[in-house]
Structure formats: structure tokens, C-alpha cells
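Residue numbers (numbering that gives the first Met the number 0), protein chains in the order written: chain A, 0 to 478; chain B, 0 to 274.
For the record, the hints were derived by calculation from the structure and aren't laboratory data. It is possible that some hints are incorrect.
[Unchecked claim] Straight line, CA to CA, 25 angstroms or less: simulated DMTMM-like cross-link-like pairs of lysine to aspartate or glutamate: (1) K272(B) <-> D138(A); (2) K76(A) <-> D138(A); (3) K226(B) <-> E422(A); (4) K147(A) <-> E253(B); (5) K18(A) <-> E199(A); (6) K240(A) <-> E218(B); (7) K475(A) <-> E253(B); (8) K52(B) <-> E402(A); (9) K230(B) <-> E402(A); (10) K446(A) <-> E253(B).
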Amino acid sequence: MDKWEYSESIESDSIVSIKSKYGHFIDGKFSTPNSKKYLKTVSPSTEEVLASISVGNKNDVDSAVNSAKEGFKIWSKTAPSERAKYLYKLARLIQERSREFAVLESMDGGKPIKESRDFDLPQVAANFFYFAGWADKLDISWGTKEMKPYGVVGQIIPWNFPLLMLAWKVAPALATGNTVVLKPAETTPLTALLFAELCEEVGLPKGVFNLVTGDGTTGSELVNHEGISKIAFTGSTSVGKYIQNAVGERDIGLTLELGGKAANIVYNDAALDQAVEGVVNGIFFNQGHVCCAGSRLLLQEDIHDEFINKLEKRMQTLRVGNPLDKNTDIGAINSKEQLDKITSLVNEGVNDGGELFQIECELPSEGYWYRPSLFTNVQPSYNIAREEIFGPVLTTLTFRTPEEAVDIANNTEYGLSAGVWTEKGSKILWTADRLDAGVIWANTFNKFDPSSPFGGYKESGFGREGGRHGLLSYLKVRS
Amino acid sequence: MTEIKKTYKNYVDGKYVRSESGKTYTVELKSESYELPLTSKKDLRDAVTSSKKGFDSWNKLSQYNRTQIIYRLSEMLEGNRDSYVELLVDHGLTKSAANKDIDNAINTIVWYAGLADKWEQLTGNLNPVDGEFFNISHQEPLGVVFTLNSDEVSIDKLIRSFLPSLSIGCSVISFSEKNAVLSLKLAEDVNNSDLPSGSLNLLSGDFTKVFDDISRHVEINALASYKKLNKESLKTINENASTSVKRIFHLPSEDGLSSILPFIETKTVWHPKGR
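Extracted from the complex, chain B is given alone in its bound form (with noise of 0.2 angstroms):
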């Protein structure tokens, strides 16, 4: 029997699409070689729409809601592991690494998950204001966030790319270039997860093609790249960022409680206390 080939095209506002423009660029991995959109402004755009509308959604849900949707996604990669093993095996990991990848993802996963109901917790207190006064510093999402994420072929590198931002409400862009067949492959368990159309939006492509656009874009709120720029991306980048004061991040952690910090508007609220 002829085996089947998968396509993979873009995911976003939870469909699977190709680029407007009909590009692609290639991906050869050892045994296959795949043909991926590559993401224009337009579709960029597309994505950017679709982020503002999962924002809402997203952040109308519980945060116990969203740690068991996040959740979900750990429960769709354990069940998919072999297919994600091959995968990785076939960008070139031994079979171990590969195993060894998919359980860090997983532990990864599980781990937002359970902080998406206590980072503001974690981050928010009251403060000890001088006078009769309740002062609280309650903790909010940024809005829609882009992410680069690095070249490293690892899922959970790529899941440390955008869970950050995600598990605390933002809607996320997530943007891969050489190693996008993993990230286009996430799409299918995300897709399965119940998030919002909208919150997370996998798109493969050549930043170098689309930062302009990104960085000048006043819907997307901040850019967190994950994967070191040049000197010259970075100086666009902070030029076009200024026109809105959109926030930058440059190798922000990918680890701990720090990893979420970049993400976060804190609103402190003041009320006088009396009878």
C-alpha cells in the first residue's frame, strides 16, 4: 500500500491554513522533506486579528478552566509520544533523546498547568501602603504576545516558548522557522486541547521575512524572542517598538516562575478604609 505523506500548514484561529501568498520553504529532515507555509504579512495579520479575539477568550475563562485545558495538552502528547519520538528522530535525535524530550515536554506542560491557577498568587500581593488604606497589586496578562522560538530541535523547547506567556492569559503567536515541522505537528494536540480559536497560533515561516511587520504591529502588545537576534534585528526591532512602546524581550527565561515575570501588567488598587 503507498504510504500517506501529512502536510502541515499553519494553525491559526484553529484551523489549519496555508499562506495567502501560496509560498513555502522546505524543510528536509533524514527521511522527508516537507514543504511548509511560509508566513506572510498578510497571514501575519490574519493571525494578529484572530489573537486579539482569543485574548478575550481565553482570559473569559476560569483559571482552573485553563489549567485543565493546558492540562489536556500533556494528556494529547503522552497519547501521541511515538508519533513525536519519529518525528524527532527523523530531525535527527537518537531515539532516547527523543523519549527523553517528550517526557521533559510533558513534565513542562504539567507544570503550567498548574501554575495558570497561582501565578498571581505568586506575583500579586498587598502592600503595606502608609494609612488606612487597602492596597492591592493584582496581576493581568499583557495582551497578544509574539514568540520566536529558538532553532534547537526540541519540543520542549518549543512548548517553553510559548507556555509562559500562555498559562497566564495571553494569546500567543507562535513563530518557528528551521525546526516549524514540530510546531505545525503541535497544532494537532493543541487543536484537541479545547483552547480558545484564537489564544495560541502556530505559524512557520523566515522571521527575518515578517519582524518589520511584527514589531511595528500596535495590536501585538509585546515580542519575546527566544532565539538570539542579530544586532540589526534587534535595532529594527526596538526602532519600530518605540512608535508604540510595545515591550521587547530579548532570551527571556524559559524556567521558573521568572519565565512568566515579561508577561505580566501589575494594577495596584488603592481603596480607603473607614466606617
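Isolated chain A (complex conformation) (with noise of 0.2 angstroms):
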């Protein structure tokens, strides 16, 4: 099928204004790094160089930390009403300025502008909203006032939805009387340097929220802190599990939001057209560079014909390209590195025996791209339906009874999602019942808001965050 021909409608980038290069955010104001180590956060659409970040060494973590400590003097003895004033005040700066952040997270992570603009400010500002409500109420949140915050937070946070994971993580652990030390991830860390010049504008107390950019030995200088009273870390289970063995003897709190290989499951009785959306939406909402996505589609043999024919051509409709490009539906991978991890495994795919189908479109010349694709033909001990891809590409098995669905579907070391499309009202709670996974959309994908709780099961992690729940992540109860 040809695709309609689009004007262009490209968002303008002239909202932003980029420093050539940042320091770290520490004791409530930008500071020049002790390390002397830089590295370059790229746009991945073209390639081309946004701004030096610092690579934060001991030095920087230790000053981070110290803030920190001195901030939860403060933070701590601050009235929770005043607490939830700051998260109010943030999260009005993040809507008045949400265009500036929405243009930014797309030039720097890849993502299309409809997006950022659509979903990951909106829900920025919620989450801000939703928690700031809570900073004062948390005596009637689970009923004891016996709750403690847990003092220094570090909070390492991934590339995918590089404000949005500021926010899950930020919000929470301020709200419930925390003080914290982020690390941004080194693809992704702009919006997050823009979120501190919030700070300072609300005028939040010193030391409340720290700011260390740097790579994975900044992460591990932050890890391996004495002074840390808790981590919490969102990324790949391999670096979740490289942490709560850096946890060691230290007694101290630990939530992990790892890794995932969703299946969706498609019954027979589904509505295919609206399956085939959802299904569309699970894996390449935001270049299936989600942990959650329903990377594993799980089709009832019947109708799995007419169910891969429908998505194939709904595929090709997908508009690859420009981030800024407001018709653009898929932007780009984001990094080279994420880049080559794909085309490796999707190789590893045909050789083992996958079909592959890819859509027809053209890429543009610079930055990293690739084009969704579609694996059918697949065995369940092929990599490609066991490896989290973290890429537009879905993989398809069948199954022939639900008891088989629920099987194949649980037959992971993940659990942190799962989509269930049927009609039949019984049989999606008789689903929901088996799956091990901490989100099941029924009928939907993808579907996120500041008081639904996520997190995994089993290797997908531990702790949840959003909702009532989420508060117990950054809270010790007793009683």
C-alpha cells in the first residue's frame, strides 16, 4: 500500500537554547566538576553534537552526597504541606515550559515530537502533580503514621523517557521527605540539566535534589556510596543485578525496574483491528525502546494468517524519520551502540530460521534508524523471542489452547508486563489471574498514569513505582 504523501511540519528547535557544556547540579546550583572528563551527548537523528557533559568521578559523587546529607537537615524537618508546595510549584514550571522540554528530549534521545509533546511532558507534570499531593497525607496512606523516609537517595535512571524516569523517581522520593542524588543516563542527560534550573528557580531548599551526569562509573561511584541510604535504579536487569550485588553488607533499601519481554496475547475472539492497534502500539511506541513493550506477540493459531496479514500492511503505514517531523510515528534508535545491539540480534534471528518482514521506507542519511520489523516462523528458544530487544521488533509465536498462551507467556525470567485481547469479559480475568507480570493491559497497551502502580515480577525487578504503592519505595513502615 503507498503511503500518503506528508508535508513536512517540523517543530522548531529555536525554543531551546543548549549550553556548549554542563556541570553537575550539587548543593543547589550548577558547579565545575571536579573531574576533567567530558563526554558528548549527540542528537541520533543527525548525529551531530548537542553538549559536553562532565563524567562525574568520586569527587563529584562525594560532593553530591554530602549536599545531600545536608539537604535532608532541612528537607526533613520542612512541613509536609511545604514539601508538597515545591512539587506543586515544579510541576506548573514543567507545564508553562513543557514545549521547551518536549523539543529537547526529542533532539536528544530520538524520540517524535508527538510523543515527548503527548505523553512523556503531560505525564512528567502528573506525576509531579500526583506525589505532591501525597507529601502531605502520607500518615493516611497505609494507615500508620510509623513511616520514615529513608534519608540520601541515589536514583539511576535509563534513556528511554529521560524526564519521565526523572519524574517517577524525583517526585516520590521528594514527596515522601527524601533528599536525592540522580544520575541521568550519558545518551540522554539534557532535560534533565533543564529540570535543575527548575530547582533553583522554585527555590528548593540546597541539597534536596543533586544532579551527577556521567557513564556507568559515575552509576557505580553513586552504587558504592557509603552514604547512600537507598538506591533506586531503572535500566537493564544485567546492571540490576551487577547493583544488588554492589548492595553487599550494606542494610540499606533497594527497588529495581528492570528488564522485560512482554507477550501479548491475542485470542481468537479478540476485535483484530483494535488488537492489531494495540499491538502496533506496544511495540513501537518510542521505538520499542521500552521495557515494558509487547515485544512477544502470542497469536492463537486460527487466526494468525489473517492477524499477521492486517498488521503487516497497518505497519507500513507507520512514518519513519525526523523526530521534530510532527507526522513522524517511529524516530530514531538511540544511540549506535543501541543501534548495533538490534541489528545483531535481528541477524541472529534469520540464521536461526525467523522469517522476517521489515517495512518499505527510506531512511534518512545521517543518525541511527531502523525500520519495524516483524519476525514470524519463530521457535520460543530462538534468541529473538527470549532477549530483551529494546528496538522496534516484534516476534511472533502461536498457541493453540489458553493454558498454552499462559505457558509460552510466563516461560520468561521476566515479569513486567503483559497485554491480553479478548472479547470474552472471564476470560482476560482468568488470564490476568496466571500471568506473572506486574502490568497487564487488557485490551490496551502501553497505558501509563501517575497513580497506576508499575514494577515487575520475578528478574523484571522489584519495588513499584506510581500510585499508593509507589510511596512504599522511598518510605520505611512499621507497624
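Hints given; two lone chains; assemble the complex.
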């Protein structure tokens, strides 16, 4: 099917101003790093260097943790209703500068502007609003007044939803009275740095929010720092395991939100056209850089051919290209490294015997791109059916009975999310009861809300973010 | 007439068993000393196999049914109160302290019995998401839980180390060291309470000899220590646990709603609303 011709509709990048070089945000201000090492953050859609960011070293992390310790002395004595107001003010400022954040997010990370503008930023503001309101209601949140913040929380976030992951981590941590040292991902630090400016603007007490940029070495310094009372991490399962290991003899808090390989189960009594939309959204949202992506399509055998036919047609209408074009559905792959990983796993899938469909489209000459891809004729033992690809690649498996669907869906060390498509209510509940997953989308997929707890079973991690349950990740509760 | 002395054994899969290793350790009380099974790695693996099955059978029961079974445990204790008091006194407690401990233990069991069909109402909820969706956070038990009991001479403490996870549907391997006689004695009442085989396994031994294996075992979903661990053990446990992202809880709450929170998995389900 030929695509309609669209006129370009490019969101202007003149709204953002990016400095050539950034330091860390410590003790309420941007500071000159102790580390002399810098790395360049590039736009994955143009390969243009956007800025240099400091690779924080031990001394930088040390200063940030010390600042957070001092900050905790003030913050823990700040009236909960006052803490709430700071968070409300942050929420408002984010709304006001939402377009600027959205453009910056799309430039630095490669995601389509329609997602950063219509999904990421509204969700970021909503998270600050939601948790602001909890700050002065902790005593009634879980029926006990015996709850205490941890103190200094070290937070490490990934590159797929840079500012949204910041919001998921920072809003509940501050609402519950902790102070924060945050390390954003090395490829997407710019919106976090802009957020730090907002903290200055709202007059957040010094040391309450601290930001240290850098790479894995910086993250490691933070994780191993003795002054940290709790670590909250979102990222790959392998790094999550490294962190749990690194906790070692320290009796500190830990929550992990790790990888996934979600099954998206389509029964033969599903509304197929809706299911196709949901499956497309499930895997191609944010280029498939989503830990809860519906990357394993489980089709009931008798609808396989019809469904794949519809799916391929729908995939062909996806528009891949400039993230700042408002028509774009699929933006740039976040980094060269990630593109190489996706390419290598897909090649492996083809060599294993999987049948590969990729949409026909022109890809820009600069930047990192990957065509939306669909594997059929896949065995459950193939790596593409087991490993998290974290890209726009969907793998199809088939089943005959609901029992078999559940078995296949649970046959993974992951347990973050799952999807179920059927028009039969009792079958949804039966299936949902049996799936080992922290989030289950029935007749929908990839929906998020600050009030809705998110987090995994099994090796997808522990602890919840969002909702009333999200408070527990940042409070020590007794009785 | 010659008085007969009881032999205490581990309680695994609804049966009283010695250690396959044949090894024992001695617990000396004021008037008696007992040879208790020194749980081996193999015993432990057997217990895990049993707990896996026990988790399924315990979870198949309705929460109403589980409430009655746990309540029955309190009835059993009440009926055998004198024998517990005698054993606690032999552990060094005064008679009044021993009676008080049994009172507390019975109250604790009754409290958790009542919680077994209410905990989800207290911990789960609808979430007011923005948009036309039904969104509910349903609560599920974590799975197979290993608990290390403290060394305190107390039936109440012992019960508080396994009922929080057991009452919400986890199967539990409860491990006791110095005061294991109390646990193995309790096994008799556990056995008479209709708890399905494997839902609660009670073991005795030396934790330092088994913790390396336990924290490595991928079929154990969580390890909760109600006894303060030294830094070295904590280090090994965290390192081992990280290979399968096992949940580790050091000195969790033994009281109230917070006591069950570590053992809950929250499953949030979304569905669109429409016509």
C-alpha cells in the first residue's frame, strides 16, 4: 500500500537553548566538576553534537551525596504541606515550559515530538502533581504513622524516557521527605539538566535535589557510596543484578525496575482491528525502547495468517524519520550502540530460521535508524523470543489453548508486563490471574498514569513506582 | 514407670523427617537436652520442592478457607497450652512469662487468621487514572519464602516470623536454630490444623551452613531474616540473591499491616471502558 504524501511539519528547535558544556547540579547550583573528563551528547537523528557533559568521578559523587545529606537535615524538618507546595510549583513550571522540554527530549533522545509532547511531558507534570498531594497525607496512606524516609536516595535512570523516569523517581522521593542524587543516562542528560534549573527557580532548599551526570563509572560510584541509604534503579536486568550484588553488606533500601519481554496475547475472539492497533502501539511506541514493550506477540493459531496480514499492512503506514516532524511515528534509535545491538539480534533471528518482515521506507542518511520489523515462524528457543531487543522488533509465536498461552507467556525470567486481547471478560480475568507480570493491559497496551503502580515480577525487579504503592519504595514502614 | 522422651524432627511436606545426612545438633534445656536434625543442603532442596507444591495447594484454597485453617492453629495451641508452657519454662522462662507468651501467640494467630481474607482489601485499590479506563491493583503472594527465626525464646516471635507471609498465601520454609525445639514442637499443631502439605515447612539447624545455598536457590522467591545478620552473611546473601533478583528482607516488620507488605506482588490490570 502506498503511503499518503505528507507535507513536513517540523517543530522548531529555536525554543531550546543548549549550553556547550554542563557541570553538575549540587548544593542548589551548577558547579564546576572535579572530574576533567567530558563526554559528548549527540542527537541520534542527526549525529550532531549537542553539548559536552561532565563524567562525574568519585569526588563529584561525594560532593553530591554530602550536599544531599545536608539537604536532608532541612527537608526532613520541612512541613509536609510545604514539601507539597514545592512539588506543585515544579509541576506548574514543567507545564509552562513543556514545549521546550519536549523539543529538547526529542533532540537528545530521538523520540518523535508527538510522543514527547503528548505523552512524556504531560505525564511528567502529572507525576509531580500526583505525588505533591501525597506529601502531607503519608500518615493516612497506609494506615500507620510509623513511616520514615530513608534519607539520601541514589537514583539512576535510563535513556528511553529520560525526563519521565526522572519524574517517576524524584517526585515520590521528595514527597516522602528523602533527598536525591540523580544520575541521568549518558546519552540523554539534557532534560534532567534543564529540570535542575527549575529546582533553582522554585527555590527548592539546597541539597534536596542533586544531579551528577556521567556514564556507568559515575553510576557505580553512586551505587557504592556509603552515604546512600537507598538506591532506586531503572535499566537493564544485568545492571540491576550488578547493583543488587554491589549492595553487599550494606543494610540499605533497594528498588529495581528492570527489563522485560512482554507477551501480548491475542485470542481468536479478540476485536482484531483494535488488537492490531494495540500490538503496533505495544512494540513500536518510542522505537520499542520500552522495558514493558509487547515484544512477544502470541497469536492463537487459527487467526495467525489473517492477523499477520493486517499487521503488516498497518506497519507499512508507520512513518519513520525526523523526530521533530509532527507526522513522525518512529524516531531515531537512541544510540549507535543500541542500533548495533538491535541489528545483531535481528541477524541472529534470521540465521536461526525466523522469517523477517521489514517495512519499506526511506531512512535518513544521517543518524541511527531501524525499520519496524516483524518476525514470524519463530521457535520459543530463539534468542529473539527470549532476549530483550529494546527496539522496533516484534516476534510472533502461536498457541492453541489459553493454558498454552499462559505457559508460553510465563516462560521467561522476566515478569514486567503483559497484554491480553479478547472480547470475553471472563477470559481476561482468567488469563490476568495466571500471568506473572506486574502490569497487565487488557484490550489496550502501554498505558501509564502516576496513580497506577508499575513494576515487575521475577527478574524484572522489585518495588513499585506510581500510585499509593509507589510511596512504599521511599518509606521505611513499621506496624 | 519410665518416662518416655520425645524425638523432635523436621517437618517437611506434612511429614516428620530426620536429616538425610543423619547429622544432628544438641539443644540443651534446663531439664532435658535434645538432638535436633541439622538440616543439610539436600534437606533444604527437598523442602523447596515441597514448598513449590505447597504454594499451589495453599493458593488454590479460598481466602475464607485459609482464614479458618489459620484460626484452627490457634485452637490447637490453646488445647496444648500446658505442654508449651512446660517447654518454655524448660527454656528458662518463668511460668507467668511462658503463659503470657502463649497468650500473645494465640492472639497473634487469631489476628493473622482474620487478616487472611482482608489483606487484599487493605493493600489493593482502584487507581483513578486519567482516561476511560478501569484500573485495579490486585495483590498476590510472592511465592516461596524462606524465613529465619530469631533466637528469642518465644512462640509468639516464632509465629510472627512465618505468619505474615503464610497468611497472605505464600508457602514458607521456617528455619530455627537455638530455639528450634519450639518450632518442631509447633509442627504437631501445624500438622493438625489442615494446612496443606508443603505450605509450611519447619526446619532446624545452623543457618551459616545453609544460607549460601538458600540465597542461591532460584525457586526461593524471597529470604526474610528476623534475626540480625552479620555483615559477612548479608554480603554473601545479597551477592547470591542478585543472580536471580531474589527479594531479601533484613529484619522486616513483625507487626501490623507493614509485616505483610514485603511479601506482596502488586499486579495492576488496565481495561478500557466503552460501549
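Hints versus structure:
1. About 33 angstroms separates the Cα atoms of K272(B) and D138(A), which puts this hinted pair outside 25 angstroms; it is violated.
2. Simply put, K76(A) and D138(A) have alpha-carbon atoms about 16 angstroms apart, close enough for the 25 angstroms limit, and the pair holds.
3. Distance restraint check for K226(B) and E422(A): the Cα-Cα separation of roughly 50 angstroms exceeds the 25 angstroms cut-off, and the hinted pair is therefore not satisfied.
4. Restraint check: the Cα-Cα separation between K147(A) and E253(B) comes to about 17 angstroms, which is no more than 25 angstroms; the hinted pair holds.
5. As the CA atoms of K18(A) and E199(A) are separated by approximately 17 angstroms, the hinted pair is consistent with the 25 angstroms bound.
6. Taken as a hint, the K240(A) and E218(B) pair is honoured in the structure, with Cα atoms around 17 angstroms apart against an allowance of 25 angstroms.
7. For a cut-off of 25 angstroms, the pair hint linking K475(A) to E253(B) stands: about 13 angstroms separates their Cα positions.
8. Taking the CA atoms of K52(B) and E402(A), the gap is near 19 angstroms; set against the 25 angstroms cutoff, the hint holds.
9. Taking the CA atoms of K230(B) and E402(A), the gap is about 45 angstroms. The hint is violated against a cut of 25 angstroms.
10. A C-alpha spacing of about 36 angstroms is found between K446(A) and E253(B), which places the hinted pair above 25 angstroms, so the restraint is violated.
Violated hints, in rising order: 1, 3, 9 and 10; the structure is consistent with all others.
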